[in-house]
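Based on the sequences and whatever the hints tell you, model everything.
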Amino acid sequence: MIGFYNYTVVLTYAGFACGCCGIYYALSGHPGIGIILLLLAGFCDMFDGKVARTRERTDAEKQFGIQIDSLSDLVCFGLLPAVIGYACGLDRPLDLVILVFFTLAALIRLAYFNVTEDERQKQTTEVRKVYEGLPVTSVALIFPPLFSFRHDIGAMFPQVYGTLLLLVGLAFITRFKIKKPGMRCMFAFIGIGALELAWLLYKTRS
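In terms of this note's numbering, the sequence shown opens at residue 141 and continues consecutively.
Where hints are given, some of them may not hold.
Calculated pairs, PhoX-like style, for lysine-lysine (alpha carbon to alpha carbon, straight line, at most 25 Å) [claimed, not checked]:
hint	residue 1	residue 2
1	319	202
2	262	190
3	269	319
4	262	202
5	202	320
6	319	262
7	190	320
8	317	190
9	190	202
10	262	320
Source of the hints: derived by calculation from the structure; they are not laboratory data. Every value quoted in this text rests on a predicted model; they were computed, and no experiment measured them.
Okay, here's the thing in structure tokens:
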């Protein structure tokens with residue numbers, strides 16, 4: 141079969157599977173499960189690069205890793221949040237404009253990252269230290285807290301969610317620099333994500 145199937149791509153494939161399942165559940169009337177799967181996709185993305193760097197890879201394997209990571213990110217963090225919004229009631233024409241804009245902004249951000257990362261890797265082998273624009277994977281930490289309070293927000297939740305989609309989409313393509321989080325920050329993100337996951341599971345059962 142074409143493609144690469146060693147352990148360096150397993151987490152990327154697992155994250156993509158989470159994104160696909162999240163879309164299915166959201167469109168089946170279970171956006172809460174979609175949000176949980178968004179978080180799980182975020183966990184997979186957090187470690188896939190580190191796992192990949194534990195193995196000496198060919199140039200083809202490195203390029204393949206970059207491409208599938210971005211394609212997976214588009215589904216998990218560009219399309220899934222928009223589908224969750226649609227499942228929560230963002231189905232009017234103006235809402236659909238926001239949903240499409242959010243996904244398009246994620247697509248542009250990921251494609252731009254691929255181009256600049258390819259150029260950067262031709263000049264240096266150092267790990268990237270600064271991102272330009274808000275990384276799309278950040279939505280795995282941004283949207284779950286809002287979603288967990290959807291019942292408290294009430295009838296205004298779709299509008300609040302749509303506004304956040306619009307702002308985050310703009311942040312994807314706005315030219316500003318953000319420092320890549322270090323190991324301590326990564327552990328903090330893991331802790332925050334774990335708390336969000338536990339809270340979502342509790343809210344889903346209650």
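Hints, one by one, checked against the model:
At most 25 Å may separate the alpha-carbon atoms for a hinted pair to count; residue 319 and residue 202 meet this at roughly 23 Å. Proposed proximity of residue 262 and residue 190 is supported: the alpha carbons are some 20 Å apart, at most 25 Å. For the suggested pair residue 269 and residue 319, the alpha carbons sit about 6 Å apart, so the restraint of at most 25 Å is met. About 12 Å separates the Cα atoms of residue 262 and residue 202, which keeps this hinted pair within 25 Å; it holds.
Between residue 202 and residue 320 the CA atoms are separated by roughly 20 Å; this keeps the pair inside 25 Å, and the hint holds. At roughly 21 Å between alpha-carbon atoms, residue 319 and residue 262 fall within 25 Å of each other, so this suggested pair holds. Between residue 190 and residue 320 the alpha-carbon distance is near 14 Å, which keeps this suggested pair within the 25 Å criterion. Between residue 317 and residue 190, the direct Cα distance comes to roughly 22 Å. Compliance with the 25 Å bound is thereby established for this hinted pair.
With a CA separation close to 13 Å, the supplied pair residue 190 and residue 202 stays within the 25 Å bound. For the proposed pair residue 262 and residue 320, the alpha carbon gap of about 20 Å is at most 25 Å, so the pair holds.
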